[in-house]
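Visitor: Work out the full structure, taking the sequences as your base and the hints as a guide.
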Amino acid sequence: MKKLLAVLLALTMALSLAACGASETPAETEESSEGAESFRVGILQYTEHVALDSAREGFIDALEASGLEVEVDVQNAQADQSNLTTIGQKFISDGCDLILAIATPAAQSIAAQTTDIPILITAVTDPVDANLVDSNEVPGGNISGTSDMNPVAEQIELLLQLAPETETVGLLYTSSEDNSILQAAMAAEAAEAAGVAVVEQTVTSSNDVQQAAQSLVGKCDAIYIPTDNILAASMSLVGAVAIEAGIPIVCGESGMVSEGGLATLGINYYDLGYQTGEMAVEVLEGADIGAMPIETAEQFDFTINAEMVEALGISVPEELAQYVA
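Just so you know, our numbering puts the end of the sequence shown at 453, numbered straight through with nothing missing.
Hints in this document: simulated from the structure, not taken from any laboratory.
Just so it is clear, the structure is predicted and the values come from calculations on it, not from any experiment.
Do not rely on the hints blindly, as some may be mistaken.
[Stated by the list, open to error] Each pair of labels, with its calculated beta carbon distance range:
1) SER221 / SER364: 36 to 46 Å
2) ALA321 / ALA164: 47 to 57 Å
3) GLY441 / THR242: 45 to 55 Å
Backbone N, C-alpha and C define an ideal beta-carbon position, used for all residues, glycine too.
Guide: Structure below.
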């Protein structure tokens, strides 16, 4: 009898241990199936206009194409400095693995708030001039990304092709945007090298744009506007002034052309954002962001606004006719 009880007890313990082992196996399988690393990425966009929106869309598409599991938090500061600070603080407290800053003011704001979280920038003309990196070749620190430096001299050349009678070019830009100041200086140099005089007019906010554009009427034969965030968001106002006064405008990028400019030779911002997204994938997979050179656009495209061509009576050279749309 005692032997029978001992056998039954041993059998019960064996079955119990087997059951415990069976219950642990599914748990271990579930853990391994959920073990894929996931990331949190914050996007800090300075303001809303075609170029910056396109860069954001390209960036997100590149993340999605990578196959990584990424949660993206998109925030727009609506061109307000206090909003930039608040959003940056949110991203830091949320523990973002990476932050994308779109446009120079956004990049400068978040760079001042963290030196630990990797920051990628895009739609920033010169990261060195904006005091964001040590050099474009070896940025150092926690920042890299893409520059939207334009072929400014070629844009002035395009302006003179489309408006060959131009004797004075008006430069219209925002006085507080480092990227605009830099490009305006480059445009002035290119215009003067071509024997064309320059007159400048700056704005400080969107409230100044229409008046600033009107103040250039009678002072210049054509207007050049760089990749400027405030003016990009207000191009319809500038375009209306240009049509009424018969003044052609060459802009820094194609989104501005579609909103009231005449033409540009500029960057495809979706492609630039996608390029930045590919850099983000490298960083999330372990690349040293401080050793990643600042990248630039791989090509530039002509864009000529057919409505403005007709409204202004512009004679487009044969070699540029294919770009009128």
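Visitor: If a hint holds in the structure, say so; if it doesn't, say that too.
Guide: Outcome of the hint check:
1. For the pair SER221 and SER364, the beta carbons lie near 38 Å from each other, so the given range of 36 to 46 Å is met.
2. Separation of ALA321 from ALA164 is about 56 Å and conforms to the stated range, judged on CB atoms against 47 to 57 Å.
3. At roughly 53 Å, the beta-carbon separation of GLY441 and THR242 lies within the given 45 to 55 Å, and the hint holds.
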